[in-house]
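J.: So the sequence lines, in the order shown, correspond to chains A and B. Under the numbering used here, the very last position in the first sequence is 1286; numbers go up by exactly one each time. Under the numbering used here, the very last position in the second sequence is 506; numbers go up by exactly one each time.
If you're looking for bench data, these hints aren't it; they were derived computationally from the structure. Cβ atoms here follow ideal geometry from the backbone N, Cα and C, with glycine treated the same way. Careful: at least some of the hints might be erroneous.
[Said to hold, decoys possible] Each computed DSS-like pair below joins lysine-lysine, with the alpha-carbon atoms no more than 25 Å apart: (1) Lys67/B / Lys91/B; (2) Lys67/B / Lys47/B; (3) Lys144/B / Lys259/B; (4) Lys47/B / Lys1190/A; (5) Lys472/B / Lys259/B; (6) Lys259/B / Lys1151/A.
[Said to hold, decoys possible] Rough simulated footprint, nothing fancy, chain A against chain B, three-plus residues with beta-carbon under 8 Å: (7) 2 to 10; (8) 387 to 399.
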Amino acid sequence: MQAEKLTEILARHAGREGPLLPILHDVQAAFGCIDAAAEVSIAKALNISRAEVHGVVSFYHDFQEQADPRPHVQLCRAEACQARGAEALVPAAEAAAGERVRLSSVYCLGLCSAGPAARAGDTVYARLDQAGLVRLVEEA
Amino acid sequence: MATVVRISDDALALACGADAVAAAFAAAGCVVERVSSWGMQWLEPLVEIAGKGFGPATPDDVSAILDGSSAKAIGAIDAHPFIAGQQRLTFARAGKTRPLSLEDYAATGGWAGLNRARAMASQAVVDDVLQSGLRGRGGAGFPAGIKWKTVADAPGSRKYIVCNADEGDSGTFADRMVMEGDPFQLIEGMAIAAHAVGAGQGYIYVRSEYPHAIAKLNAAIALSREILAPFRVEVRVGAGAYVCGEETSLLNSLEGKRGEVRAKPPLPAHEGLFGCPTVVNNVLTLAAIPHVLSDGGARLYNSLGVDRSKGTMPVQLAGNILHGGLYEVAFGITLGELVNEIGGGTASGRPVKAVQVGGPLGAYIHPHQFHLSFDYEAFAAADALIGHGGIVVFDDTADMGHLARFAMEFCAVESCGKCTPCRIGSTRGVELLDRIRSGVRTPDPVGALAQMHNAPKAVRTAEQDIVLLEDLCETMKFGSLCALGGFTPYPVLSALRHWPQDFQRETHDGI
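Next up, chain B with everything else stripped away, as it sits in the complex (with noise of 0.2 Å):
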């Protein structure tokens, strides 16, 4: 019998060279299998063997791994403590399965429930979404229950279920990872939404950064079609605005046009996609659904997490981390425990100076705050946001007044221009993060102009630019459409307010 290798096909692995490992078990005489990914991402390309793993393997470490004299051996995978320690829901088969296999699925318990949901009637399967407590894993939280409910109740016969698979913030992967490893998952998810409100078609936008996710999804459909019927479902692939993360600028994008965010209301429950009452949500959140509609999912669901954020999420650990990768825990451990016992501290073995939770757009958190607890209510109340629940780490050598201004220059490049305070406040914010962090004390251009007759004429102090800074913040934050201009200014306003001294001017004579 000739020895049975998994080896992940998910992009990360290929990234680090899975495939070249795959093709030398190949030629050793191996069968190789291409599974999904565990998420131990610092041990990609991962290989098992029996249940025992072994990297970050090389195609030269092969010769090793088949004689049992490699140095790269993990034991057994499912006892690492990496592995043992979460509570696995959405991604229950990662690691396990052929992402692209039925029988795999099925065997594992895929569309159990669907076929649940489908026994039910739809009212029913609304019911049990809201009894899991399940909240939207896009970033914004609310309940996903409420929103199918509002779109099930909307009149009209064409209604939509719509996947936000636009995974734009740098330290997110979870739902590439879905999509690439489990998509039928997904797809399950998507046609349990539709026949609980009542939907035909399904639509998921996948940004065009994600080209195996792309892949491996019209793959599943094309697979699941008549499991699926008469609900169908369909691939749309985004064109690298960041901004169609935004629901409605989403919508816009599917419809095809111009990314620009849509003002609320109408909400997209009420007028959608093309009008119709229309369900957005995140990869994470219809990836939970199956598990939530298989028997006593809905209860079991609801009994993790603390306070008001149930179940689970599905971490993702990034940045300047040792042990990077997906951690998928209840609600309410703390933020220390995540960065520093699981991670384990940075990769480059300096001390943590900043995390940033949420995305691009999420504030940068000082390690004095590691007490926090992983929810909703915990994040918002420390002004910051759990968003999609990614968590970039950075270590001492990072500059805060720098990321702070890509914070705004960032905002600058992807505004989609629809809104003021978020097209041309983050073009000023640049400038002013510019003048604070250089230390010139020239006399501001824009508030020389003549209509600027409110200005005032002499040169600002460096305290003035700061309350200025601040006041820019404040009117981006309540005045913007979206979420862009919304809530740059917590990356912004956090890092000046845990880290003054990088934006002084004496911290970058030398750099």
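Only chain A is shown next, with the shape it has when bound in the complex (with noise of 0.2 Å):
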């Protein structure tokens, strides 16, 4: 079924420019993580070592090398979020996420008039105070 799934993904990046992103965003979304076979598939159809793939996967935050199938929030934390109080936020957050919730920082969201914001999934969210983020951590 993955392997097959895989094949499908790698079929459809056949002979574009520059395949790997977009390979590994696909890999990403379907899997949750691209773990040692997927690198290993992927390194085979592109012709190159398992190690360069390897090296791109760890080098960018998106990608993860295991599935974490809990529900992820992304809290702003950048300097304009900072301005406008994000980090008093962040302890009710992380009580209110718990283990259940994977609560990460993210650094810009680009509604930086707007802060505090967040992301789940597509959806963004801002002006959150600390009601209306701990709401939106229970809710994930």
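Combine the two chains into a complex, taking the hints into account.
T.: What follows is the structure, encoded as structure tokens:
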């Protein structure tokens, strides 16, 4: 099943210029991670070494080597959101997340005049206060 | 006739609840048009009915807005001081058109620049860009026309146009607003560049933090494919690396490699993507091109601005600011006007302590420098940079020592690792700032190592730590391959220079 899906992704990008990042995005989206077995298959399809693929996977924040099935909330902690009090919300958000939700930091969602801002999936949130952020984490 | 209600579908409006407001108007029997954002972000979701604005609107405001009794009325939008004071060229359509409507785009002068350019010799197109004085809006401010001319003159039949849409700087969102609000304009600018230099393929490298922009661009490219042909454009999505906003790192990422910076020369204009001559321009640069190529556009562009900073700059007012948003204006306005008069000071109502201009690598500017003219040279002379035009305002609760440490830490996390000053210097910088800020006077464990035989073995005083930090910053500034390591000293040293008290221990005991 996994091998089939991977073959399908590789076929979709065959012949593209610079196909590695688009492939990795698709694999990450399909499996939640890019594991060692996937790296081997991708390397073989692109005729590069697994080390080269692994080097790319480990370079970028968006790619994970192990899947994390928990819901994911990203809180912006860049300067503009800091200026609007994002740091003060972190302890409450962490407490609400506990082990159930994966809470990570992101450096800028481009909502810089309306922070604190957060993202869950492809939905973005702005003007968050503590109650709003806690609710967002709890409902994630 | 049903009332036509216009509400933005820009990411910021969505984040503030625009979809719910739009649904409420639709439920009330109105025709809802989703348009681009006016850029008055403190008023989002902003509702427009027959030119009159209401905001920030919630679903509960719908009936009051429709019966004319709403307290959120702001009057005619285009007469609002925030809009009336601007000179919008790149953002001429902001708030007025539906982002993915080819009809709206063509009706507002869309494709005129491309049609005119295609009727001209490619050399003449480059001359127009040179004449306009347009400089790269990504931060470095390199003249766009010279870059194009270099690529046009470079030998080779395979050339590329790459749009840098990896807008990672905190406090900047103008690229996002162009991509989400007026995607055809960016694509038209790329097609003009392709004609000017003889490129067949274009890539837009968008950061993955901008899902709405990615969706809009993909849709816009699909809709305009025939207009662009034979030029082809494709969106490529970044993967969360800040350093990929640096052009050579971006090219490596497009090629499917680690986003490591390349040494220059060779310049991308000579050997860029896949070793071919490549124009790498920022979103705002390319989005300004259709205007420059319109009839008389280059001359008008050149007549605006001051000194060698020609044309307009979409300034982004962000952070702790009352009236945040997008303010496009000719170069030469003062920083104080932007922050206090247009931005209305802080959102918290407290005094402004500092503003950071130009993203995480920009200097922190003290209010006593608010007389600075917003242009490339004036900022460079003051040891600062305008970068991508983002202004982040901080009130008096900001701890500048913490922000200086944050700058170093950010550089340490995001460094690509290619050059030593950035890779190791940033980590050493974090350690040094921790020592300075904590007031701990123990021997430096690194200095105590046997191989550090030149390091003094005595415990450094606070003053010596500061001198060491300044020394480290100088090494990073002049020894780094790219702006990440090279510009991180700006926020650190400017914070140290203007707010030395924030680096002393006493201020931290209370926090």
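J.: Next pair to validate is lysine 144/B with lysine 259/B; report whether the Cα-Cα distance is within 25 Å.
T.: holds (18 Å)
J.: Between the alpha carbons of lysine 47/B and lysine 1190/A, is the straight-line distance 25 Å or under?
T.: With a Cα-Cα distance of about 60 Å, the restraint between lysine 47/B and lysine 1190/A is violated, given a limit of 25 Å.
J.: Taking only the CA atoms, is the gap from lysine 67/B to lysine 91/B under or equal to 25 Å?
T.: holds (20 Å)
J.: Taking only the CA atoms, is the gap from lysine 259/B to lysine 1151/A under or equal to 25 Å?
T.: violated (41 Å)
J.: CA of lysine 67/B to CA of lysine 47/B, is that 25 Å or under?
T.: holds (11 Å)
J.: Between the stretch 387 to 399 of chain B and chain A, see if three or more residues pass the 8 Å beta-carbon test, and mark the coverage as holds or violated.
T.: Per the Cβ count (6), the hint holds.
J.: Sort out whether lysine 259/B lies within 25 Å of lysine 472/B, counting only the CA atoms.
T.: Holds, at roughly 16 Å.
J.: Under a C-beta cut-off of less than 8 Å, do 3 or more residues of the stretch 2 to 10 of chain B approach chain A closely enough to confirm the stated coverage?
T.: holds (count 4)
Consistency note: the structure conflicts with the earlier hints numbered 4 and 6.
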